[in-house]
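Using the working numbering, read the sequence shown as starting at 3 and increasing by one per residue.
These are computed hints drawn from the structure, not numbers from a lab. Keep in mind that the hints are not guaranteed to be accurate.
Stated by the list, open to error - With a straight-line Cα cutoff of 27 Å, these simulated DSSO-like cross-link-like pairs (lysine-lysine) come out:
id, residue 1, residue 2
1, 10, 45
2, 10, 91
3, 313, 69
4, 265, 276
5, 276, 188
6, 65, 45
7, 94, 12
8, 10, 37
9, 349, 94
10, 12, 37
11, 289, 276
12, 289, 236
13, 192, 270
14, 313, 302
15, 265, 144
16, 349, 305
17, 302, 125
18, 363, 91
19, 63, 302
20, 188, 270
21, 40, 91
22, 12, 313
23, 313, 63
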Amino acid sequence: MIREMAEKYKEYVIELRRELHMNPGLSWQEFEASKIIKRELDKMGIPYKECAGTGVVVDIKGKEEGKCVLLRADMDALPVSECTVVDYKSQKEGVMHACGHDGHVAQLLGAVKILNECRDEIKGTVRCVFQPAEEIGQGAQKMVEEGVLEGVDSAFAIHLWSDIPVGKVSVEAGPRMASADNFEIKIIGKGGHGSLPQQCVDPVVTGSAFIMNLQSISSRETNPNDSLVITVGKFQAGTTFNVIPGYAIIQGTTRCFNPELRKEIPNKIERILKGTVDIYRAEYEMKYMFYPAPVINDEKCSKIARGSVRKLLGEEGFYSLEKLTTAEDFSAFSTRVPGVLAFVGVKNPEKECMYPHHHAKFNMDEDGFVIGTSLYVQYALDFLNA
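Start from the sequences and build out the full structure, keeping to the hints where you can.
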């Protein structure tokens with residue numbers, strides 16, 4: 003029944019997605035998306051409340067008391083200039099929905115329609131959350147701080163995924179996406195003339211040695227069964243060819259799935275940093291910022307989600323997706339209550355839907371939206387009745 007209702011609203015969801023795609027907003031600037039969401043809720047006669055700036059929260063209560071399940075869709079776009087040829091191309095220069103969040107919002111609005119019509123089947127409460135600022139890892143935490151998890155027993159989210167064929171879904175238990183923490187280091191040397199290095203303390207040489215030494219954390223200090231990525235994405239120093247600069251700036255990111263390993267990483271980095279700058283007679287300043295934690299799907303909730311997928315698609319609907327070192331701030335919810343992040347396929351090369359997330363030609367097979375819409379609803383009902 004749920005799948006049939008989602009089919010009924012297929013064009014509604016697609017039209018909404020296209021409107022959202024044409025009107026993207028960067029993190030904390032999702033003003034148009036927020037307006038569209040509120041407009042649609044007003045049409046449905048469903049009350050809502052604002053949360054975390056542009057965020058919107060809807061509670062759909064059944065006739066009977068029971069548990070509360072949270073369904074989440076993120077809203078923000080990326081600073082990418084779109085290079086697709088679709089007629090619903092972004093109307094905002096340099097900003098694009100290149101990660102599927104427009105589809106997430108449209109699907110959840112479709113789910114709200116269905117849930118509102120199925121109130122008699124709801125035993126408890128379904129909380130539908132439209133979340134800002136996922137791309138910078140801040141929105142979910144802000145919503146938690148403003149009370150969105152109060153009374154919630156489980157959280158569920160969908161990520162439309164360009165590596166999964168349309169018609170398939172991944173809902174495996176265990177680690178699904180990595181943590182995403184950042185570091186910034188200033189190596190302080192002593193500047194001078196490039197021809198007289200003996201008078202200087204060279205932060206470029208020091209920083210280069212540190213970056214090379216840093217990789218030993220992954221290769222020689224970490225269990226090979228524990229994935230760990232340490233990437234330096236910025237190394238900036240100097241102004242011209244013949245001047246040894248006074249300092250260098252290094253910025254990077256770390257990714258892992260093991261929460262205990264994650265806690266140890268800052269100390270490991272600083273130990274190598276201190277040893278390296280001591281060798282080269284330099285000094286340092288270091289900042290380490292913890293951002294989204296790993297997304298780890300709860301075993302029991304994943305089992306419920308697998309049952310939901312089976313009802314909608316049968317056994318052939320499952321897809322096995324390896325854990326990803328990309329990150330998702332859905333973990334701000336799923337580290338506090340049992341949660342599941344599902345990956346719904348939108349890949350279809352025949353429709354030019356095969357580019358990776360964050361690519362300027364990213365697009366999705368919209369046939370996958372029916373699955374996403376129905377899966378939001380089916381999981382909510384199945385969890386509340388479990």
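Here is how each hint holds up against the structure:
1. Taking the CA atoms of residue 10 and residue 45, the gap is about 17 Å. The hint holds against a cut of 27 Å.
2. For the given pair, residue 10 sits about 25 Å from residue 91 by alpha-carbon distance, which is consistent with the 27 Å threshold.
3. A threshold of 27 Å between alpha carbons decides the hint, and for residue 313 with residue 69 the separation of about 22 Å falls inside it, so the pair holds.
4. The suggested pairing of residue 265 with residue 276 holds, with an alpha-carbon distance near 19 Å, which does not exceed 27 Å.
5. Only pairs whose Cα atoms come within 27 Å are accepted, and residue 276 paired with residue 188 is accepted, the gap being roughly 12 Å.
6. A distance of roughly 22 Å separates the Cα atoms of residue 65 and residue 45; the hinted pair therefore holds under the 27 Å criterion.
7. Straight-line distance between C-alpha atoms of residue 94 and residue 12 comes to about 26 Å, which keeps the hinted pair within the 27 Å bound.
8. Between residue 10 and residue 37 the alpha-carbon distance is near 24 Å, which keeps this suggested pair within the 27 Å criterion.
9. Among the hinted pairs, residue 349 with residue 94 is consistent with the structure: their alpha-carbon atoms are about 25 Å apart, no more than 27 Å.
10. Under the criterion of a C-alpha separation no larger than 27 Å, the hint pairing residue 12 with residue 37 is consistent with the structure, at around 21 Å.
11. Of the pairs offered as hints, the one joining residue 289 and residue 276 holds, with about 13 Å between alpha carbons and a cut-off of 27 Å not exceeded.
12. A C-alpha spacing of about 14 Å is found between residue 289 and residue 236, which places the hinted pair at or below 27 Å, so the restraint holds.
13. With a CA separation close to 26 Å, the supplied pair residue 192 and residue 270 stays within the 27 Å bound.
14. Between residue 313 and residue 302, the direct Cα distance comes to roughly 17 Å. Compliance with the 27 Å bound is thereby established for this hinted pair.
15. At most 27 Å may separate the alpha-carbon atoms for a hinted pair to count; residue 265 and residue 144 meet this at roughly 22 Å.
16. Distance restraint check for residue 349 and residue 305: the Cα-Cα separation of roughly 25 Å lies within the 27 Å cut-off, and the hinted pair is therefore satisfied.
17. Taking the CA atoms of residue 302 and residue 125, the gap is near 19 Å; set against the 27 Å cutoff, the hint holds.
18. Between residue 363 and residue 91, the direct Cα distance comes to roughly 10 Å. Compliance with the 27 Å bound is thereby established for this hinted pair.
19. Only pairs whose Cα atoms come within 27 Å are accepted, and residue 63 paired with residue 302 is accepted, the gap being roughly 23 Å.
20. Annotation: proposed proximity of residue 188 to residue 270 holds, straight-line Cα distance about 17 Å (limit 27 Å).
21. For the hint pairing residue 40 with residue 91, the CA-to-CA distance comes to about 23 Å; that is within 27 Å, so the pair holds.
22. For the given pair, residue 12 sits about 19 Å from residue 313 by alpha-carbon distance, which is consistent with the 27 Å threshold.
23. With a C-alpha separation of about 23 Å, the suggested pair residue 313 and residue 63 falls inside the 27 Å cut-off, and the hint holds.
Of the numbered hints listed earlier, not one is contradicted by the structure.
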